[in-house]
Amino acid sequence: MKITRIAVFSAALPISGGYSFAKGKSVATADTTVVRIDTDADITGWGEACPLGPFYLPSYAEGVRTGLSVLAPHLIGLDPRQIGALNRKMDRELRGHPYVKSAIDVAAHDILGKAGGLPVYALLGGRQMEAAPMYWSVSQGDPDDMRRAVARARQQGYSQFQLKVGGDPATDIERIRAGMDGMRPGETFLCDANTGWRRDEALKVAFATEDLDYILEQPCELYADNLSVRRRVRQTLKLDESLQTPESISQALADDACDVVCIKITKMGGLTKSRFARDLLAAHGIPMTVEDVWGAEIVTAALGHLAISTAPEAILNTTDLHSYNEVHIATGARQARQGQLWVSDAPGLGVEPDLAMFDKPVAAYG
Amino acid sequence: MKITRISAYQAKLPYVGGTYCWGRGNVIDTALTTVVTVDTDARISGCGECCPFGANYLAAYPEGIVPALARLAPALIGKDPRQLHAIERAMDNALKGHVYAKTALDNACWDILGKACDLPVWALLGGRLTDGAPMYRVVPQKPLEESAREMAAHRKAGYRQFQIKVGNDWKADIDSILQAASLLQPGENAYADANMGWTVDEAVKVVRAVRDTGLMIEQPCATYEECLHVRSRSELPTKLDECVTGIDVAERIVHDRSAEVVCLKISNLGGLTKARRVRDYLIEHGLSVVSEDTWGGEITTAAVAHFAASTPPELLYNTTDLHNYDTVTSGTPGPRTAAGRLYAGEAPGLGVEPNLTALGQPVAVYQ
Chain A
49 MKITRIAVFS AALPISGGYS FAKGKSVATA DTTVVRIDTD ADITGWGEAC PLGPFYLPSY
109 AEGVRTGLSV LAPHLIGLDP RQIGALNRKM DRELRGHPYV KSAIDVAAHD ILGKAGGLPV
169 YALLGGRQME AAPMYWSVSQ GDPDDMRRAV ARARQQGYSQ FQLKVGGDPA TDIERIRAGM
229 DGMRPGETFL CDANTGWRRD EALKVAFATE DLDYILEQPC ELYADNLSVR RRVRQTLKLD
289 ESLQTPESIS QALADDACDV VCIKITKMGG LTKSRFARDL LAAHGIPMTV EDVWGAEIVT
349 AALGHLAIST APEAILNTTD LHSYNEVHIA TGARQARQGQ LWVSDAPGLG VEPDLAMFDK
409 PVAAYG
Chain B
65 MKITRISAYQ AKLPYVGGTY CWGRGNVIDT ALTTVVTVDT DARISGCGEC CPFGANYLAA
125 YPEGIVPALA RLAPALIGKD PRQLHAIERA MDNALKGHVY AKTALDNACW DILGKACDLP
185 VWALLGGRLT DGAPMYRVVP QKPLEESARE MAAHRKAGYR QFQIKVGNDW KADIDSILQA
245 ASLLQPGENA YADANMGWTV DEAVKVVRAV RDTGLMIEQP CATYEECLHV RSRSELPTKL
305 DECVTGIDVA ERIVHDRSAE VVCLKISNLG GLTKARRVRD YLIEHGLSVV SEDTWGGEIT
365 TAAVAHFAAS TPPELLYNTT DLHNYDTVTS GTPGPRTAAG RLYAGEAPGL GVEPNLTALG
425 QPVAVYQ
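Just so you know, the protein sequences line up as chains A and B, in that order.
The first sequence finishes on residue 414 if you use this note's numbering, and the numbering steps up by one all the way, no holes.
The second sequence finishes on residue 431 if you use this note's numbering, and the numbering steps up by one all the way, no holes.
No lab work stands behind these hints, which were simulated from the structure alone.
A couple of the hints might just be wrong.
As the list claims (entries may be wrong) - Each computed DSBU-like pair below joins lysine-lysine, with the alpha-carbon atoms no more than 35 angstroms apart:
#1 B/K143 - A/K73
#2 A/K321 - B/K220
#3 A/K252 - A/K50
#4 A/K71 - B/K143
#5 B/K235 - A/K137
#6 B/K76 - B/K206
#7 B/K76 - B/K220
#8 B/K206 - A/K137
#9 A/K321 - B/K235
#10 A/K137 - B/K76
#11 A/K50 - A/K408
#12 A/K408 - B/K160
#13 B/K76 - A/K50
#14 B/K160 - A/K252
#15 A/K73 - A/K408
#16 B/K160 - A/K137
#17 B/K160 - A/K71
#18 B/K66 - B/K76
#19 B/K160 - B/K206
#20 A/K252 - A/K71
#21 A/K252 - A/K73
Please read these numbers as outputs of a predicted model, since none were measured by experiment.
Make a model of the complete structure from these sequences and hints.
What follows is the structure, given as structure tokens:
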């Protein structure tokens, strides 16, 4: 089997109510890139990569497509089922920039699954659960608005909630108290600063809310600062932005730097690299959020397969990213209801992109 | 003073020696450079240049610069280019990471600041501590006889430091290193640069075999951790290069004492603002540095020259005249070189203007 064509599409994803997080950052509309890989075997694979603005992680939407313009020509004629070789080729032609490579790797998994008649989760270790528990992310805002957002999500069946903090510490303390007001037994709260605090600000917030049972997520920007905070607060610590590579994860394990890790497929550079990180962390008994940076239905399908193939004790939660957008790009794969994410048993990702939306590529190679 | 317009130009820079082989089986013959000019309402303009060395050397690729500028440039229009830290923050807020794409803009702002104060950039980086920075020349991956001839030719041209390129074939590399050591004349220096090409076991075999040469080994393997592993098995001095991507790595180097010499490639660090911080930190801890960049023409080399000139001579290991590796000129005048030394001039700013003949029309303009 050979790759005959790689088509790259772009779609705007308006986010319901917009999404605000640390340091005054906010995204109203995300720009997603969808990749379609066609083969000489009549099997087509789909992948999607959607940075959350150019200021959240070192990735940006135009960069995905520019990177693909350099990478894609080198992949024409290769066997997409040889995913290890495909990754080596990508790394050989373009160093770094994992966010550029992610959608190709996901599409290759879609193809391998379809070629083998297996759902992608079967290529990632097999189904470990019926459905994966989801969290709902609450955009940073007025504390009472955030309290109401939690209540709405709770009504929809979510039992895990992530409050976006990382702004002014005094307001963040209010946000945490308001958001967690009415916390029910069995619920999980994460308070995610998205690197927004200095050390002293993180300590201030953590000490002031020490009576509350939540997971503190990515308080500071620098790894060393997070490590310092971790050593002084009682809260369980989750890292996300600090862990973008396998090396950083190894370092975090060696340093006992965190108790929970966020795996984001596009952040790591695809399912291959994410699966590797997932397996390493699971072997250490470190639970994970298994998700992606942002995206629509193809992203959610991919993250769903990775989530569903994670051991139950190793997965804290996942998320239905497509639910946050007002535009939908595919049908088929997954359902999200009552706080749980299901994935399809159809071969590959099990997702049917809306071909009318993906009619005119911004670029095509091959 | 406000930035009124930012323009980006591109030009191909063919390698003067035809085909350049580096590391483990990599080949390049032409690099694509991007030159950025920044115009202001004070009739002062600055320029900067960034030339990634292909797409697979560092996490940087030439085609990735202009799309990143589409994010960065609008954030800088209307801002005062002399406020270097505010410019840095504005760029980092507009686009995370991608420091290679920020380099040319940062350097152009230094150029403007220098022109605005009527001072050369070295005067703003600490002053001229080194007058005439010693340069090294590359002895490429070639058959032994050719390499010996190249080394002799460089010697004749006045160079006294030779960087022996290895990393493709560890057995042949041992011979290359031993030969280089045997050809050295008094007062000369050579070191072997694998450009990340060896696996740890290959590197360990090499350092063991060439131990008696005493020659420094540069970036034997891809990652910092692998190089640390090799160092633990080696008595030879170590130079780190490609993995030096920021102050965090510099801190690890100091903490681990994992290198004697650290190569500072300005675009690997993100421009003079960031590079200067790393340089000052390392020399504060007694480590030597190399001032250079990935590739580039005269504008890149001008920044390299000012950076080198403002580094204390006993901790400036060497620098290089990157523009002399190309057959196309990105700017004029190029920094003066004589008897194996690189000089930064007295002209304000970087002291170089873009060569618009070679650069042609801008590929992008923001205003």
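Structure-based check of all given hints:
{"no.": "1", "hint": "B/K143 - A/K73", "result": "holds, 20 angstroms"}
{"no.": "2", "hint": "A/K321 - B/K220", "result": "violated, 50 angstroms"}
{"no.": "3", "hint": "A/K252 - A/K50", "result": "violated, 57 angstroms"}
{"no.": "4", "hint": "A/K71 - B/K143", "result": "holds, 21 angstroms"}
{"no.": "5", "hint": "B/K235 - A/K137", "result": "holds, 25 angstroms"}
{"no.": "6", "hint": "B/K76 - B/K206", "result": "holds, 24 angstroms"}
{"no.": "7", "hint": "B/K76 - B/K220", "result": "holds, 29 angstroms"}
{"no.": "8", "hint": "B/K206 - A/K137", "result": "holds, 26 angstroms"}
{"no.": "9", "hint": "A/K321 - B/K235", "result": "holds, 32 angstroms"}
{"no.": "10", "hint": "A/K137 - B/K76", "result": "holds, 25 angstroms"}
{"no.": "11", "hint": "A/K50 - A/K408", "result": "holds, 23 angstroms"}
{"no.": "12", "hint": "A/K408 - B/K160", "result": "holds, 30 angstroms"}
{"no.": "13", "hint": "B/K76 - A/K50", "result": "holds, 33 angstroms"}
{"no.": "14", "hint": "B/K160 - A/K252", "result": "holds, 27 angstroms"}
{"no.": "15", "hint": "A/K73 - A/K408", "result": "holds, 32 angstroms"}
{"no.": "16", "hint": "B/K160 - A/K137", "result": "holds, 26 angstroms"}
{"no.": "17", "hint": "B/K160 - A/K71", "result": "holds, 13 angstroms"}
{"no.": "18", "hint": "B/K66 - B/K76", "result": "holds, 31 angstroms"}
{"no.": "19", "hint": "B/K160 - B/K206", "result": "violated, 40 angstroms"}
{"no.": "20", "hint": "A/K252 - A/K71", "result": "holds, 17 angstroms"}
{"no.": "21", "hint": "A/K252 - A/K73", "result": "holds, 22 angstroms"}
Going down the numbered hints, you'll see the structure goes against 2, 3, 19, while the others check out.
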